[in-house]
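Engineer: Heads up: the sequence lines are chains A and B, in that order.
When the letters of the first sequence are read in order and numbered with the working numbering, they come out as residues 711 to 851.
When the letters of the second sequence are read in order and numbered with the working numbering, they come out as residues 19 to 322.
Quick caveat, the hints were computed from the structure, so don't treat them as lab data.
Wrong hints could be hidden among the right ones.
As the list claims (entries may be wrong) - Straight-line alpha carbon distances no greater than 25 angstroms define the calculated SDA-like cross-link-like pairs of lysine to any residue that follow:
id : chain 1 : residue 1 : chain 2 : residue 2
1  : B       : Lys206    : A       : Ile772
2  : A       : Lys830    : B       : Lys273
3  : B       : Lys177    : A       : Gln847
4  : B       : Lys273    : B       : Tyr255
5  : A       : Lys830    : B       : Pro121
6  : B       : Lys159    : B       : Arg257
7  : A       : Lys813    : B       : Lys177
8  : B       : Lys131    : A       : Arg840
9  : B       : Lys20     : A       : Lys849
10 : A       : Lys813    : B       : Pro208
11 : A       : Lys813    : B       : Glu214
12 : A       : Lys811    : B       : Ser24
13 : A       : Lys836    : B       : Lys20
14 : A       : Lys849    : B       : Tyr210
15 : B       : Lys177    : B       : Glu287
16 : B       : Lys131    : A       : Lys836
17 : A       : Lys836    : B       : Lys273
18 : B       : Lys20     : A       : Leu831
19 : A       : Lys811    : B       : Glu287
20 : B       : Lys20     : A       : Lys811
21 : A       : Lys830    : B       : Lys131
22 : A       : Lys830    : B       : Ser24
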Amino acid sequence: MLNIGGLSKGIVIDHIKAGGAMEIYSYLNLEKLDCSVAIIKNAKSSKMGKKDIIKIDGELDIDLNILGVLDNNITINIIDDGKIIGKGNLELPEMVTNIIKCKNPRCITSIEQELPHTFKLTNREKNVYRCIYCEQQFKGN
Amino acid sequence: MKHIISPLDLSVSELEEVLCLAEEIIKEPKKYSDVCHGKKLATLFYEPSTRTRLSFEAAMLNLGGSVLGFSSADSSSAAKGESVADTIRVISSYADICAMRHPKEGAPMVASKYSRIPVINAGDGGHNHPTQTLTDLLTIKNLKGHLNNLTIGLCGDLKFGRTVHSLINALVRYENVTFIMISPDELKIPAYLREEVLEANHIKFKEVRVLEEVLPDLDLLYMTRVQKERFFNEEDYIRLKDSFILDAKKMELAKKDMLVLHPLPRVNEISTDVDDDPRAVYFKQAEFGVYVRMALIMKLLEVA
Chain A
711 MLNIGGLSKG IVIDHIKAGG AMEIYSYLNL EKLDCSVAII KNAKSSKMGK KDIIKIDGEL
771 DIDLNILGVL DNNITINIID DGKIIGKGNL ELPEMVTNII KCKNPRCITS IEQELPHTFK
831 LTNREKNVYR CIYCEQQFKG N
Chain B
19 MKHIISPLDL SVSELEEVLC LAEEIIKEPK KYSDVCHGKK LATLFYEPST RTRLSFEAAM
79 LNLGGSVLGF SSADSSSAAK GESVADTIRV ISSYADICAM RHPKEGAPMV ASKYSRIPVI
139 NAGDGGHNHP TQTLTDLLTI KNLKGHLNNL TIGLCGDLKF GRTVHSLINA LVRYENVTFI
199 MISPDELKIP AYLREEVLEA NHIKFKEVRV LEEVLPDLDL LYMTRVQKER FFNEEDYIRL
259 KDSFILDAKK MELAKKDMLV LHPLPRVNEI STDVDDDPRA VYFKQAEFGV YVRMALIMKL
319 LEVA
């Protein structure tokens with residue numbers, strides 16, 4: 711098993727669907743961070759079989775709940791002084807704007823590029839987000 | 019200021035007010051012939067539609083108001099690339115209320131966010147068509163006397179047919195309504211309607227493929243056209259368009275007081291030999307469309 715050192719202060723984004731880490735990396739603009747970032751792909755998971763993990767050494771000023779829109783299995787561990795000080799599942803936001811895009815070719819957003827892509831949470835249990843314009847369900851990337 | 023983008027933008031009590039006002043107008047149209055004097059309706063039609071546009075225009079003219087607008091995207095500034103948001107900002111200075119039809123889903127909602135006048139969705143792609151729903155509800159209420167305790171057959175294109183989706187959304191708010199969906203497998207209602215509207219509201223419904231076997235159970239039958247413009251591919255259209263046709267022989271199986279509704283235009287899904295049957299109310303339904311639009315315009319302009 712590949713070993714990645716522990717963090718003294720930072721964030722571990724765990725239980726990312728296997729193969730999904732790069733999308734999260736790109737969405738969070740982690741390439742612009744000055745601190746160390748480790749991406750672990752296809753780590754063994756008792757719950758998921760395989761999973762991806764991202765470890766970020768340092769503080770990240772962003773609402774991580776938005777990650778739940780991309781992948782609702784994700785969990786976050788906040789590390790300080792080498793210990794987990796916060797842990798848990800993500801709270802899905804009621805509305806998200808310009809995080810995910812509507813792919814319905816019949817939606818007004820398909821021809822008016824400047825419109826914000828806004829989605830509303832219509833079913834919290836099933837993690838269903840719908841475009842506010844055409845009501846098409848977001849089906850993941 | 020209120021906009022009507024989805025049929026659910028009116029609460030059950032607001033809907034009741036609009037339907038009651040429409041019934042008052044039916045009884046005494048002259049009383050309302052000048053209530054919108056000096057008001058202008060803009061009809062912004064980005065795709066062709068004869069009856070909806072003329073129905074809106076007739077409604078406003080019947081109320082003593084005036085109309086202006088365009089009837090295709092080619093004859094509007096959309097052809098030059100103007101956004102819906104910019105168009106409505108400008109139209110807000112020219113008119114007091116507008117009705118918008120657009121081939122893209124959600125366009126009237128975008129308009130409502132930037133508009134200074136009430137926006138009525140006159141059909142956005144395969145999505146919503148709230149004034150057709152109001153027309154359907156007025157037809158049922160006026161001819162049946164109630165909107166609850168009904169077994170309603172929905173036949174034809176239930177996948178892309180926006181009138182069907184809107185009607186289901188509106189009718190699930192009434193008690194003891196049962197739906198019987200009659201369509202080929204390819205044109206069944208979308209899963210989200212089944213799960214999030216019908217099942218979530220514990221509405222009784224069943225899906226069948228043969229019209230004749232359920233006809234005797236229905237209080238009303240809502241027929242729909244298989245619309246060519248909703249298909250990406252012509253082969254699918256040709257294969258499915260004649261699937262479900264109602265004719266005089268099949269009407270013999272139906273209850274004596276079953277109503278046949280259709281949002282029109284009809285292609286061949288209702289044979290012309292049904293037209294003289296007193297249960298065929300689709301042309302009456304088109305007439306009710308004008309009255310209900312009159313009532314809606316009055317409510318939105320706050321002249322009622």
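Engineer: The structure should be examined with respect to each hint, and the outcome stated for every one.
Structural biologist: These are the hints, each one checked on the structure:
{"no.": "1", "hint": "B:Lys206 - A:Ile772", "result": "violated, 43 angstroms"}
{"no.": "2", "hint": "A:Lys830 - B:Lys273", "result": "violated, 43 angstroms"}
{"no.": "3", "hint": "B:Lys177 - A:Gln847", "result": "holds, 15 angstroms"}
{"no.": "4", "hint": "B:Lys273 - B:Tyr255", "result": "violated, 31 angstroms"}
{"no.": "5", "hint": "A:Lys830 - B:Pro121", "result": "holds, 23 angstroms"}
{"no.": "6", "hint": "B:Lys159 - B:Arg257", "result": "violated, 36 angstroms"}
{"no.": "7", "hint": "A:Lys813 - B:Lys177", "result": "holds, 18 angstroms"}
{"no.": "8", "hint": "B:Lys131 - A:Arg840", "result": "holds, 18 angstroms"}
{"no.": "9", "hint": "B:Lys20 - A:Lys849", "result": "violated, 32 angstroms"}
{"no.": "10", "hint": "A:Lys813 - B:Pro208", "result": "holds, 17 angstroms"}
{"no.": "11", "hint": "A:Lys813 - B:Glu214", "result": "holds, 21 angstroms"}
{"no.": "12", "hint": "A:Lys811 - B:Ser24", "result": "holds, 22 angstroms"}
{"no.": "13", "hint": "A:Lys836 - B:Lys20", "result": "violated, 32 angstroms"}
{"no.": "14", "hint": "A:Lys849 - B:Tyr210", "result": "holds, 13 angstroms"}
{"no.": "15", "hint": "B:Lys177 - B:Glu287", "result": "holds, 16 angstroms"}
{"no.": "16", "hint": "B:Lys131 - A:Lys836", "result": "violated, 29 angstroms"}
{"no.": "17", "hint": "A:Lys836 - B:Lys273", "result": "violated, 42 angstroms"}
{"no.": "18", "hint": "B:Lys20 - A:Leu831", "result": "holds, 23 angstroms"}
{"no.": "19", "hint": "A:Lys811 - B:Glu287", "result": "violated, 38 angstroms"}
{"no.": "20", "hint": "B:Lys20 - A:Lys811", "result": "violated, 28 angstroms"}
{"no.": "21", "hint": "A:Lys830 - B:Lys131", "result": "holds, 16 angstroms"}
{"no.": "22", "hint": "A:Lys830 - B:Ser24", "result": "holds, 16 angstroms"}
Going down the numbered hints, you'll see the structure goes against 1, 2, 4, 6, 9, 13, 16, 17, 19, 20, while the others check out.
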